[in-house]
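Taken in order, these protein sequences are the chains called C, W, D and V. FYI, in this note's numbering the residues of the first sequence are 1 to 292. FYI, in this note's numbering the residues of the second sequence are 1 to 332. FYI, in this note's numbering the residues of the third sequence are 1 to 332. FYI, in this note's numbering the residues of the fourth sequence are 1 to 506.
Calculated directly from the structure, the hints in this document are not laboratory data. None of the values given here were measured: they were computed from a predicted structure. Be careful, since some hints might not be right.
[Said to hold, decoys possible] Mimicking DSSO-like on lysine-lysine, the simulated pairs with C-alpha atoms at most 27 Å apart in a straight line are:
1) C/K161 - C/K86
2) V/K120 - V/K185
3) D/K276 - W/K276
4) V/K204 - V/K243
5) C/K35 - C/K3
6) C/K153 - C/K165
7) V/K337 - D/K276
8) V/K243 - V/K120
9) V/K337 - W/K276
[Unchecked claim] Covered, in the sense of this in silico footprint (three residues per stretch, anywhere, with C-beta under 8 Å from a C-beta of chain D), are these stretches of chain C:
10) 11–17
11) 87–99
12) 161–171
13) 176–187
14) 215–223
Virtual Cβ for every residue (Gly too), placed ideally from N, Cα, C.
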Amino acid sequence: QQKSVTIGVSIPAATHGWTGGVVYHAQETAKQLEKGYPGLKVVVKTSPDGASQANALDDLTSQKVDALVVLPFNSDELTNPMREIKKRGTFVTIVDRGLKDPAIQDIYVAGNNPEFGRVAAKYFVDNLKQGNVVVLRGIPTVVDEERVTNFEKALEGSGIKVLDKQYANWNRDDAFKVMQDYLAKHPKIDAVWASDDDMALGVMEAIRQAKREDIKFVLGGAGMKDMVKKVMDGDKMVPANVSYPPSMISTALGVTAAHFYTNAPMRGTYTLNAELITKDNAKNFYFPNSPF
Amino acid sequence: MTETVLRTGAEKRRFNVDMRALSPFIALIVLVIAGALINPDFLTASNLLNVVTRSAFIAIIAVGATFVIAGGGLDLSVGSMAALTAGVMILTLNNMGTGDMGTLALGMLVAIGLSAACGLANGLIVTFGRIEPFIVTLGTMGIFRSLVIWLAAGGTITMRNFELRELYRPVYFGSVFGVPYPIIAFMVVAAVGALILYRTSFGRHVVALGSNEDVARYSGVPIWRVRTLTYIIQGVCVGIAVLVYVPRLGSATPTTGLLWELQAITAVVIGGTALKGGIGRIWGTVVGAVILELVANIMVLSNFVSEFLVGAVQGAIIIIAMLVQRSVHRGR
Amino acid sequence: MTETVLRTGAEKRRFNVDMRALSPFIALIVLVIAGALINPDFLTASNLLNVVTRSAFIAIIAVGATFVIAGGGLDLSVGSMAALTAGVMILTLNNMGTGDMGTLALGMLVAIGLSAACGLANGLIVTFGRIEPFIVTLGTMGIFRSLVIWLAAGGTITMRNFELRELYRPVYFGSVFGVPYPIIAFMVVAAVGALILYRTSFGRHVVALGSNEDVARYSGVPIWRVRTLTYIIQGVCVGIAVLVYVPRLGSATPTTGLLWELQAITAVVIGGTALKGGIGRIWGTVVGAVILELVANIMVLSNFVSEFLVGAVQGAIIIIAMLVQRSVHRGR
Amino acid sequence: MDSVLRAENISKSFGPIEVLSGISLDLRPGEVHAVIGENGAGKSTLMRILSGHIPPTKGSLHLNGQPITFSGPVDAESHGIVLVHQEILLASDLTVAQNLFLGREIRRFGFVDDKAMREKTRAILTELGTHIDPDRQVSRLSIADRQLVQIARALLVPHKVVAFDEPTAVLTPIEAESLFEIIRKLRSQGVAVLYISHRLNEVKAVADRVTVLRDGRHITTQGIEGLEPLEMARLMVGRDMSKLYPEKPATASDQTLLTVRDMAVPGFVENVSFALRRGEILGFGGLIGAGRTELFEGIVGLRPSHGTIALDGKDVHFRDAREAMAAGIVYLSEDRKGKGLLLQQNLRINLSLAALDKFTKGSFIDGGAEEIALDRAIKDFDIRTRRRDLLAGQLSGGNQQKLLLAKMMLLEPRIVIIDEPTRGVDIGTKEQIYRFIASLAAEGRAVVVISSEMQELIGLCHRVVVMRNGRVAGEVAQADLSEDSIVYLATGVHEERAAEIAAGHA
Ligand SMILES: Nc1ncnc2c1ncn2[C@@H]1O[C@H](COP(=O)(O)OP(=O)(O)OP(=O)(O)O)[C@@H](O)[C@H]1O
Ligand SMILES: Nc1ncnc2c1ncn2[C@@H]1O[C@H](COP(=O)(O)OP(=O)(O)OP(=O)(O)O)[C@@H](O)[C@H]1O
Ligand SMILES: [Mg+2]
Ligand SMILES: [Mg+2]
């Protein structure tokens, strides 16, 4: 018999590399799942900010969706609207940024932003041991804040000193500029935590231009394919990366669909931890067809 | 003899003027029809109420923007101002701790006071510094935004007190006779705005200032006071919008209110107020805000636009809506 | 006797006009001094060259914006247009595959052609649709941006051909006699822009159009053509900026060019061009663009501003810089 | 067939209102053809039709005997027909030379040749008898200078027909004389000149034929011989106009209302002192640029100024026009378009703008009271508008002036300062305005009249203060009022003679 299920997906608009990846994976997975499960309809909607996302959620629920897969802009902001939706009996899957009230979410596919910062910090402690690093922050958001504070916390007591940290908005151009300025300001930098691969690319151009030899490596994050490729190829400047796969949305979608089409209940938390990507395991993280 | 000519002429003219003021409504109707064709769910009462309800923030802010723009000014700082106000309001509520009406009222007072003060700052710098409002408010936009980021330490400012949240929630989600409070709020703001702009000396002065500053000055209009007041009104409107906004999401983040200035100005312009000043159409502005929200809603409800292209379709719809308006004018 | 009185009056005035055109330079000098006091590294040649080099994109775009604004228009779409142009250019280069000069030249041609076409579209909708440029270019801003995102499928468009990248890289990073190419490019664009605006009939017509459209029409200025041309010039400037931009990072992302429109307009206004049109100061604009980049640079170089408050200080500096300019005028 | 331009049965309607009906007019080469009529008679509208600015609703134009339709003013210009507008149509951000050559720049190697344009501008302005700096921005010129620039611009292209729409309204006699010189020269070159003016003496002096319009209809076209100004006035107004100036009210008292001492407006005026008494009409004469406007703008707080102002013996200082108004002093700007009226707003809004407080009930404006006031103003000041919902900018020039008067009089001031009160106003209305000014004085108010029309000062004022180069050159008492005495003081020629007059009566 045909089972008719509609899953609504609400994610941030493709405003930078990583969210672009999320949108791509959501769309691709939606197509695959619709093919795989007859009667399934997946509606993907993007929003440019938290308030718009709340609007989009309203609009999705007014179309009678059976389940919602949501990657919130901001978990604080969305906790309330999601509670409303939950009350109406919709099945709720949250991705990456968990709601303040865990009771709302049926499935939580957890990305782990604090861990992202900690893994990065651990890499610095292990490989640099001693020295000066500069940090490029993203856009002022909870995601960024969790990553950076935990990074700093994890460095405490080690011989590594954060010389400077500035916002570069997860943007290559801004990162390029901020790095140029860092280079002018600090005569000796041992390594850079770019905290995001888009920013890492900008940083590397700035370093290349300045022909500075003191910088040993740049650590990005999120596992952009170009960067993973560099890790795989053993690029000296890019010895590692921290995974934060935008494909986590696919996992969430898959599990949610399975909840309706298989008999096994799929509730619970699926943690996709931030993992350190090195030359050894890089090929597991390399997806040449992904746009990100 | 002249007398009779006078009257009929007046009749005809008034009709013409009305057509022009009506054209945003026509664009609205066209959009509603388009929406209904695209998705039958669109015309449900709940969907339409939702859309109008959430257009409340922008509509309220845009009413203030109508004053500023009609007076020949511009305010780019409203989005950041809203974020800052929301942030400070929530911090105040959190620090009071108690979950009673008094706390809430105090928080609201703080919000309105702060946003009015922000508006005052804009107004004073524009009038006394004699700098282009574009630059001044771009500057204060950066300042207000940074202050939120700093207050939130780069994260989020959230209402902690659960009771207070529950007490406050109905301000966004509640309704009287089926009409949600935000809609009532924005109708009241618009009505008061229209009353001020069309029926008081101050409103006249605003329009005179926007039409020709010299004439206003030579006519004894206190231009500095009037100009500053338009920015204060803008501030107060932002404050009111925040009062409606906070109960919805219960938090303020560094990205709250991002690009609201652009939306508010767009609503004002769609509504028929000229950016160069001298004309102000409050009701047009409100319709403009609803149109913006409707377009976004239709985008979510329609299923044949790739997610990547939503922005393109949205942009095209707005341009087309304006072209429709224009042809309505010219047809007359 | 009256004769002499009038003459001295005229002399005095001409001097004043110069002061007014000079004031952005004064703001620049004040900033440079401030920067030097804050951090001695600021005054190193490499830092200053870096700053000026990276102000090139905005400066080049802002030269185009000077035309549009002096002519009484506005273009909000430049940032998205730059992203789209960069994206299409890179895709063209990737699809050609070969790493020779010919490919590069073709890619450049495509970039300029596309951005000119985008400008033409803006110009035609504004002139023939008679819609406020604010709305039109807000619409096309959404359209262009969406198209990039769609082309990039939400990801990044990167130059694949390594040879081509190396061939192209010097256009951003190379220099002649120590002057980086981007600086040469923007000086040339500004010089040509100044020549067109100040020394051709077309430039005269642009300013007349912005000053008083009716007068321009009565004087036989082909206003539709002139207005459309300003948008095309804006488009071509965006194209040139892209030519300098692409070799820097070799990619276009959905965030490329975000808020460049705001920066370009700010540069124009800081440079002394009035937003209402009728005045255009190309060199002021260029200085404005450098000022913007300098302020950002000083923020990173200084040690006593928390990263949360950078925006606030930046906003304050811009307002203060304008106040300084103002007092220079008035002091005269 | 010796007419250059012929209009046949021209009618023009704006919406349902017909402002011109069945006008025929033929213009011969080498003649000066005056068109006169009351404010709102349709003179400017006719000119705009002849010069291609607006198309007629009915009727046709013939150029050299061939029927022709103009696609626009540029087209008409290319056929040698140019119009000097009644309102100033210049791009105020551009310089004088740039405006003169706008749309027809002189080019060298593809670039504008500023040097050549500057020289030509200087030459043509000199011919007009003025020394305006070609590089001066137009927004910094006085209205008179702008008018001269506008005339210069029109004369720059090759022309067969030149239409002047009230060119002398803002000029002083000296400039007007240079203009007449030019007009005569044009005539001798075989150019047809259309000339509109409310100064009938000028018409008499310069015109060959006169066409009279009334209420949009053609009344008559006559040769100038035997047509005296008085008769012209009768034809225009439709009644006898024997007496233009009222009796000077005998209310001028010794009671000083306003004393101004050592007034200075930086850059314009220095060291001006005078006293204004109750019930008197005090004239201010002088050439353009003498600083009269600036002096009074300074006094009422519209410009930075310093000096002592005593009102009723008490020292006052006004920071803006509002404070001056509150103290009972109003100033009516000479620049009615730029500083007097909101051209884009309707009559009602314009009328009540300065005196809004009088129309507020509670905190709201009483629209009904405004309408009543508008009705009264239309009646009292004879504002000729066939529709009351026009925008101020759509009123004829003279009627705008009347509206401005009505607007400021709503404030019921004690001291009225009127800058060029009858600029562009027809003779019938002039008489009304003069009577009105006299009645103000008779009511015990004090009136300052700034005027460049000597006759007006002489016919209206009790005393005339003459300014030159930002200073008071002297004062002429009622008994000595004559054009000569004023001109001497204003120009400073015959220094000894001027000093004599000043010494004798100061
Ligand atoms: N655009 C317009 N719309 C409606 N009515 C207009 C318009 N332009 C002019 N009018 C009307 O046409 C009539 C004739 O105006 P016109 O300017 O030709 O008068 P005029 O004879 O030049 O008067 P004046 O001596 O005061 O300059 C006036 O009643 C005026 O209000
Ligand atoms: N905005 C301005 N900036 C600079 N100069 C100006 C400005 N306005 C006027 N002027 C100059 O100031 C002088 C005085 O101008 P104005 O014609 O107003 O004097 P006036 O005595 O009131 O003459 P009138 O009343 O006869 O027109 C003139 O030389 C004029 O060119
Ligand atoms: Mg006229
Ligand atoms: Mg004057």
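Checked hints:
For the hint pairing C/K161 with C/K86, the CA-to-CA distance comes to about 45 Å; that exceeds 27 Å, so the pair is violated. At most 27 Å may separate the alpha-carbon atoms for a hinted pair to count; V/K120 and V/K185 meet this at roughly 18 Å. Taken as a hint, the D/K276 and W/K276 pair is honoured in the structure, with Cα atoms around 7 Å apart against an allowance of 27 Å. For the suggested pair V/K204 and V/K243, the alpha carbons sit about 18 Å apart, so the restraint of at most 27 Å is met.
Taking the CA atoms of C/K35 and C/K3, the gap is about 13 Å. The hint holds against a cut of 27 Å. The straight-line distance between the Cα atoms of C/K153 and C/K165 is roughly 14 Å, inside the 27 Å bound, and the hint therefore holds. The suggested pairing of V/K337 with D/K276 holds, with an alpha-carbon distance near 19 Å, which does not exceed 27 Å. Between V/K243 and V/K120 the alpha-carbon distance is near 45 Å, which puts this suggested pair outside the 27 Å criterion.
Proposed proximity of V/K337 and W/K276 is supported: the alpha carbons are some 18 Å apart, at most 27 Å. Given a C-beta distance limit of less than 8 Å, the hint that chain D covers the segment 11–17 of chain C holds, as 4 residues qualify and 3 suffice. Coverage of the segment 87–99 of chain C by chain D is violated in this model, with 0 residues showing a Cβ closer than 8 Å to a Cβ of that chain against a need of three. Figure legend: the segment 161–171 of chain C, annotated as covered by chain D; annotation consistent (7 residues with Cβ-Cβ distances under 8 Å, at least 3 required).
Under the rule that three or more residues need a Cβ within less than 8 Å of chain D, the assignment of the segment 176–187 of chain C holds, with 8 such residues. Against chain D, the segment 215–223 of chain C contributes 0 residues with a C-beta closer than 8 Å to a partner C-beta. That does not satisfy the three-residue criterion, and the hint is violated.
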